[in-house]
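S.K.: Given next are the chains, with one letter for each unit.
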Amino acid sequence: MNAFDSTVHLIYLACAASFVVGLHLMNAPATARRGNQVSATGMTVAVLTTVAVLVHGGHLAAWAVAALAAGTAGGAVAGLLAARRVQMTAMPQLVSLFNAVGGGAAALIALGDAVAHAGDLDRLPLQTTTTTVLDLVIGGVTLSGSLVASGKLAGRVPGRPIIVPGGRWINILLGLTAAGLAGWFLTGGAGIAALVGIGVLALAAGVLLTLPIGGADMPVVISLLNACTGTAVAMAGFVLGSDVLIIAGALVGAAGAILTKLMADAMNRSITAIVAGGYGTGDEVAVAAAGPAAPVRRVTAEDAALQLSYARKVVIVPGYGLAAAQAQYEVAALARALSERGVDVSYGIHPVAGRMPGHMNVLLAEADVPYPLLKDLDEINPEFPGTDVVLVVGANDVTNPAARRPGNPVSGMPILDVDKARSVIVIKRSLGHGYAGIDNELYSLPVTAMLFADARQGLGAILAGVREYAA
Amino acid sequence: MNPLLLADITVFVLGLLVGFEVISKVPATLHTPLMSGANAIHGVVLVGVMLLAATATTVTGYVVVFVAAAFAAMNVAGGYVVTDRMLAMFRTRQENRQ
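These protein sequence lines are chains A and B, in that order. Counted the way the working numbering counts, the first sequence spans residues 1 to 471. Counted the way the working numbering counts, the second sequence spans residues 1 to 98.
FYI, nobody ran anything at the bench for these hints, they're computed from the structure. Even for Gly, the Cβ is constructed at its ideal location relative to N, Cα and C. Watch out, some of these pointers could steer you wrong.
Stated by the list, open to error - Pair by pair, the computed Cβ-Cβ distance ranges are:
#, chain 1, residue 1, chain 2, residue 2, range
1, B, T10, A, H56, 48 to 54 Å
2, A, G180, B, L4, 25 to 31 Å
3, A, P409, B, A7, 44 to 50 Å
4, B, L17, A, A28, 19 to 25 Å
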């Protein structure tokens with residue numbers, strides 16, 4: 001290895017290290033932004049180093065340079081515009097879209113590498129051809145799967161599970177055909193055509209695997225697809241023999257895997273059951289109102305305002321319904337008004353309160369809620385017994401005390417113990433069911449009072465009441 | 001098995017383990033920026049596309065490079081910018097008052 005190659009290798013190593021350090025700094029809100037900047041700096045250096053490698057190598061075709069430059073410029077502009085303009089509520093679909101194109105790029109590297117060696121494909125070592133196939137399969141599934149997931153999140157594809165008749169058999173057939181083509185390619189008989197076939201089959205499989213999955217399972221699905229992209233990028237690293245791709249891909253694969261596990265646990269669902277699909281309704285909790293199983297106590301906005309104004313400690317429990325009603329600013333204004341009266345206000349946030357892991361925290365941060373007030377399940381649950389009023393807005397199944405008993409759809413699901421507080425106010429349009437499709441026993445408890453209203457209007461009315469007491 | 005492949009596998013497995021170790025410490029509050037930031041990191045696939053460009057000599061090859069470059073650049077540029085936008089919103093009360 002000459003001096004140039006060694007230097008390049010060491011610079012790539014430093015870039016990979018900066019990704020690790022960047023992720024490490026993300027373990028606290030105070031340092032997270034710096035972490036992302038460290039990681040971005042490493043990325044910039046990696047790209048510039050690669051420019052140097054290409055110039056040093058010197059045998060670039062003019063058309064290759066043009067294709068690379070034009071593609072990079074166009075993609076970067078599109079990415080920047082999307083990133084600048086996106087609403088925080090639309091974050092899950094954008095992250096899914098970026099995930100899709102990342103997986104697509106990894107799959108195209110496999111294809112492009114094979115095209116470049118079209119003349120001597122049978123002389124490529126087995127390690128390259130195997131990882132080429134793996135990269136193409138994983139990348140292809142991720143590309144189309146993430147696009148469907150993104151469409152579901154954006155409402156362009158129906159969020160409800162779409163069952164393709166005989167879908168499981170079609171998937172098995174796709175898998176077997178792809179395996180046959182892969183065998184043919186690996187034994188050297190086929191060539192590029194087999195790879196294109198595998199790519200097309202992978203794209204079809206991605207669509208068929210994602211369509212049957214319900215909107216409520218999306219936090220798990222996008223985490224899983226994120227892990228897949230990481231793996232595809234690592235495979236691209238194997239194909240090209242690039243350590244920095246392998247390391248970055250492995251890091252992302254690990255991140256996706258951890259988030260997938262956390263989300264599946266928080267929803268009380270096994271990953272295999274989610275991938276098998278067919279569960280859950282479409283979008284926000286708009287199931288037809290079922291007849292109440294037990295009588296509930298109602299409260300007016302004025303009474304709720306009175307109760308909150310004279311409480312010492314209030315915990316707000318926001319759910320996806322809050323985001324669907326775009327009411328995060330109202331809830332933040334209410335919390336501020338209460339704090340100004342000396343009420344101790346914090347937020348109890350369930351891991352699946354949103355359409356992607358941690359989504360609710362971003363929405364509240366956007367509404368200027370200071371992050372020390374955002375508390376996760378383990379942090380807030382011991383605080384409920386000392387809480388005067390819990391205000392539940394747009395959350396349902398995650399507050400159902402039935403989860404502590406065996407024998408129902410939410411059994412064993414980690415919940416927020418809101419029923420242990422002195423009183424609970426639930427803002428909800430009707431007594432409709434959550435995704436689990438069962439009555440929420442919280443609503444008929446003696447400590448609970450229901451305020452039947454749209455999240456935004458209900459919060460607005462309470463805020464007006466609180467301001468009156470302050471005057 | 002050849003030593004290069006073994007070295008690559010070693011790097012991959014250790015990368016996974018480092019990832020598990022570092023990421024399991026990230027609090028739930030930051031899971032969205034974490035995912036988006038990790039997303040940006042796999043944008044390093046752009047480096048792979050650039051290396052691929054060096055070997056492209058046919059029209060098919062150029063087309064693949066063009067599309068792959070557009071995909072990868074969108075991933076990396078958008079990913080870092082949107083993550084930064086989100087993280088800039090996470091403030092404490094004192095910072096909000098300023």
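S.K.: Take the hints in turn and mark each one as holding or not.
M.R.: Hint check:
1. For B:T10 and A:H56, the hinted distance range of 48 to 54 Å is not satisfied, since their beta carbons lie about 28 Å from each other.
2. The beta-carbon spacing between A:G180 and B:L4, approximately 29 Å, falls within the hinted interval of 25 to 31 Å.
3. Checked against the hint of 44 to 50 Å, the pair A:P409 and B:A7 passes, with Cβ atoms roughly 49 Å apart.
4. At about 22 Å, the CB distance of B:L17 to A:A28 agrees with the hint of 19 to 25 Å.
Checked against the numbered hints given earlier, the structure breaks only hint 1 and satisfies all the rest.
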